[in-house]
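One letter stands for each residue in the lines below.
Protein chains: 2
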Amino acid sequence: MSVNGRSDDRPVRVAMDAMGGDFGPKETVKGAIEALGNDNIELILVGDQEPVQAELDRYDTTGRSVTLVPSVDKIGDDEHPIRALRSKPKASILVATKLVKSGDADVVVSMGSTGASMASSVFLLGLMDGLERPCLGGPFLGVAPGTVMVDAGSNMDCRPALMLSFAALGSVFAHRFLGIENPRIGLLSVGAEEAKGNKQVQESFALLKESHLNFIGNVEGMDFFTGRADVIVCDGFVGNILMKFAEGLGGALSGFVQERLAGSLSPQDLAKISDDLWQTTNMPRTMGGPLFGVNGAVVLGHGSCEASGVAGAIHTAVRYVRVGLVDSMREELSQIHKNQQTASEGSGAAAKVKAKN
Amino acid sequence: MSVNGRSDDRPVRVAMDAMGGDFGPKETVKGAIEALGNDNIELILVGDQEPVQAELDRYDTTGRSVTLVPSVDKIGDDEHPIRALRSKPKASILVATKLVKSGDADVVVSMGSTGASMASSVFLLGLMDGLERPCLGGPFLGVAPGTVMVDAGSNMDCRPALMLSFAALGSVFAHRFLGIENPRIGLLSVGAEEAKGNKQVQESFALLKESHLNFIGNVEGMDFFTGRADVIVCDGFVGNILMKFAEGLGGALSGFVQERLAGSLSPQDLAKISDDLWQTTNMPRTMGGPLFGVNGAVVLGHGSCEASGVAGAIHTAVRYVRVGLVDSMREELSQIHKNQQTASEGSGAAAKVKAKN
Numbered sequence: 001m002s003v004n005g006r007s008d009d010r011p012v013r014v015a016m017d018a019m020g021g022d023f024g025p026k027e028t029v030k031g032a033i034e035a036l037g038n039d040n041i042e043l044i045l046v047g048d049q050e051p052v053q054a055e056l057d058r059y060d061t062t063g064r065s066v067t068l069v070p071s072v073d074k075i076g077d078d079e080h081p082i083r084a085l086r087s088k089p090k091a092s093i094l095v096a097t098k099l100v101k102s103g104d105a106d107v108v109v110s111m112g113s114t115g116a117s118m119a120s121s122v123f124l125l126g127l128m129d130g131l132e133r134p135c136l137g138g139p140f141l142g143v144a145p146g147t148v149m150v151d152a153g154s155n156m157d158c159r160p161a162l163m164l165s166f167a168a169l170g171s172v173f174a175h176r177f178l179g180i181e182n183p184r185i186g187l188l189s190v191g192a193e194e195a196k197g198n199k200q201v202q203e204s205f206a207l208l209k210e211s212h213l214n215f216i217g218n219v220e221g222m223d224f225f226t227g228r229a230d231v232i233v234c235d236g237f238v239g240n241i242l243m244k245f246a247e248g249l250g251g252a253l254s255g256f257v258q259e260r261l262a263g264s265l266s267p268q269d270l271a272k273i274s275d276d277l278w279q280t281t282n283m284p285r286t287m288g289g290p291l292f293g294v295n296g297a298v299v300l301g302h303g304s305c306e307a308s309g310v311a312g313a314i315h316t317a318v319r320y321v322r323v324g325l326v327d328s329m330r331e332e333l334s335q336i337h338k339n340q341q342t343a344s345e346g347s348g349a350a351a352k353v354k355a356k357n
Numbered sequence: 001m002s003v004n005g006r007s008d009d010r011p012v013r014v015a016m017d018a019m020g021g022d023f024g025p026k027e028t029v030k031g032a033i034e035a036l037g038n039d040n041i042e043l044i045l046v047g048d049q050e051p052v053q054a055e056l057d058r059y060d061t062t063g064r065s066v067t068l069v070p071s072v073d074k075i076g077d078d079e080h081p082i083r084a085l086r087s088k089p090k091a092s093i094l095v096a097t098k099l100v101k102s103g104d105a106d107v108v109v110s111m112g113s114t115g116a117s118m119a120s121s122v123f124l125l126g127l128m129d130g131l132e133r134p135c136l137g138g139p140f141l142g143v144a145p146g147t148v149m150v151d152a153g154s155n156m157d158c159r160p161a162l163m164l165s166f167a168a169l170g171s172v173f174a175h176r177f178l179g180i181e182n183p184r185i186g187l188l189s190v191g192a193e194e195a196k197g198n199k200q201v202q203e204s205f206a207l208l209k210e211s212h213l214n215f216i217g218n219v220e221g222m223d224f225f226t227g228r229a230d231v232i233v234c235d236g237f238v239g240n241i242l243m244k245f246a247e248g249l250g251g252a253l254s255g256f257v258q259e260r261l262a263g264s265l266s267p268q269d270l271a272k273i274s275d276d277l278w279q280t281t282n283m284p285r286t287m288g289g290p291l292f293g294v295n296g297a298v299v300l301g302h303g304s305c306e307a308s309g310v311a312g313a314i315h316t317a318v319r320y321v322r323v324g325l326v327d328s329m330r331e332e333l334s335q336i337h338k339n340q341q342t343a344s345e346g347s348g349a350a351a352k353v354k355a356k357n
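Keeping their order, the protein sequence lines are chains A and B.
Per our numbering, the very first residue in the first sequence carries number 1; after that it's consecutive.
Per our numbering, the very first residue in the second sequence carries number 1; after that it's consecutive.
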């Protein structure tokens, strides 16, 4: 069996950073207890002993596996991740990630600072070969739940080789997590033709074309909704802007619908549809976002999540472990890099493009 | 009075490329006739004599100023713009643009190939100093009609000096066209802090900060909807992706609402709200997009426009001329470049950034 996978029926051991997010530990504990009812898990709550125990005491956990592992302090969104990790060596995110490192947990889930979670993952679990940073990926639109975007915001100024790694990671995720056979990979650009786009995209196109991935060429902004591709590759600058743009547009359209339908629907129905419309553009708030590229399973949730979002992120984490994503991703990346080396020993286009970077 | 402005009460002379778009000359002529009823214009229809005359004959234009200037052939979306301009020297877009060049028209409006319109504008009217290509700008979201984006899709891989030019052009548009005093300029990035974003954005930040523009710093994807900035500056790669993404998301959410409300609303009301929702993310289809940076007024419409979209683009064109946008933009660009030269003669940060590019 895979070291990182849990394809058997044993419960998945979830290290929950109970201090993370805007509403930790109240909503994180509540959500984690909710998850106990949904998924076959052993729950390990990591946080300041007293407040977490106080929250835990609100619930009846008789017969369920719930442990509290004490930590000291938390890292806020406003802190510099690396500096904060040094000055708070017992912070909840570090203690929780260490449980995965030591094999005492299968996955860590946090609603806390994205920067701190990524830094502690890199520091403790290590990066997969060929990456400089982890990346964020997954479906992000409720109206397009089968379309995976990588990178959703962690890497700026990406070289073409890194874009190829994103494609490989996204392909594994789409295959293993979403069950899509031979996922179609599209490169986000401004037109379908090979010559379209900026320099980064033109050079990435050449690398993707020569890879063993199922590359279908360039796709455009509307293709998040047309189903042309299963995985859409872009750098984290564009990915972050798109995620936040979708959130903003969803909110604005939700307000628009609410205004236009006032009078035609009951206040309850109106609130419901407006809320659904907003949710549909805010998928990471309901299911968390898996971190790709570190040697261990990590799922990040939105800081503003309440209990249901926390339970959703834990559900994602359980699936992440069950399908053995970490091992599959490491294998795919290693294959990609082996092929690239072979290509660069030849004299093909890929070698020339690689040399430029 | 300004050469390019028409602040008096004389009619604006509109050279309409009657052959352009998916539905020319039928819808272009119909839309132009509709515009005669909305705006004080003299209409100059440019196109293949017979089909355009046949369309024109459907309408009673007694007492209105309508002229037909014959041209030969049109340039399609699938043709290479520069090559097509050479092989079809009497194409409608060239003949129409020449009327602006010669002073026989105040503005050209086309629903045809964007590439061909841009190329003929650059070739015949010339670029303003400091630009390498024209750019597209304006509000593009019905839910955020006061937020201007520049560049919406024509320039890839922009140097920081070009991003500064976009900011200047957008600022003039927001001030003169939308009536916003001292428009707030935001730079599109992934976080508010100066160090956030890719290299292009970090370097552009330094230039914008030292400019005389009302620069408020970085903004994020959601700020198209928060009203934090009047003008959002990005390169054409990101701008094009955002425009098409918004179109796609609007369409998807419109379908979502239609499905969710089936049964709660009458089919007519349902169709209306679904249509409104779609329209609200597709503003350029109803009002056209002004071209910035060429020495003459040019408005481009979406190829799929029917008559009402054509009339909307003509309305934009009339306003473009009345407020004298071309002269104001040229003055602002010249001011920006004068300041940059002064700065680069000194030893400030701007000079160092400029030298790197």
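Possibly wrong hints are sitting among the right ones.
Copies of one chain are not kept apart here, so a pair can be met inside one copy or by any two copies together.
Claimed, not checked - Quick list of in silico lysine-lysine cross-link-like pairs, BS3-like style, CA-CA up to 30 Å: (1) Lys244 with Lys26; (2) Lys338 with Lys88; (3) Lys88 with Lys209; (4) Lys90 with Lys196; (5) Lys199 with Lys244; (6) Lys272 with Lys244; (7) Lys88 with Lys196; (8) Lys244 with Lys196; (9) Lys244 with Lys30; (10) Lys199 with Lys30; (11) Lys30 with Lys338.
Since the hints were made in silico from the structure, they are not lab data.
Discussion item. Which constraints among the numbered hints does this structure fail? Numbers only, ascending.
Written reply: Going through the list in order, the structure violates hints 2, 3, 10 and 11 and respects the others.
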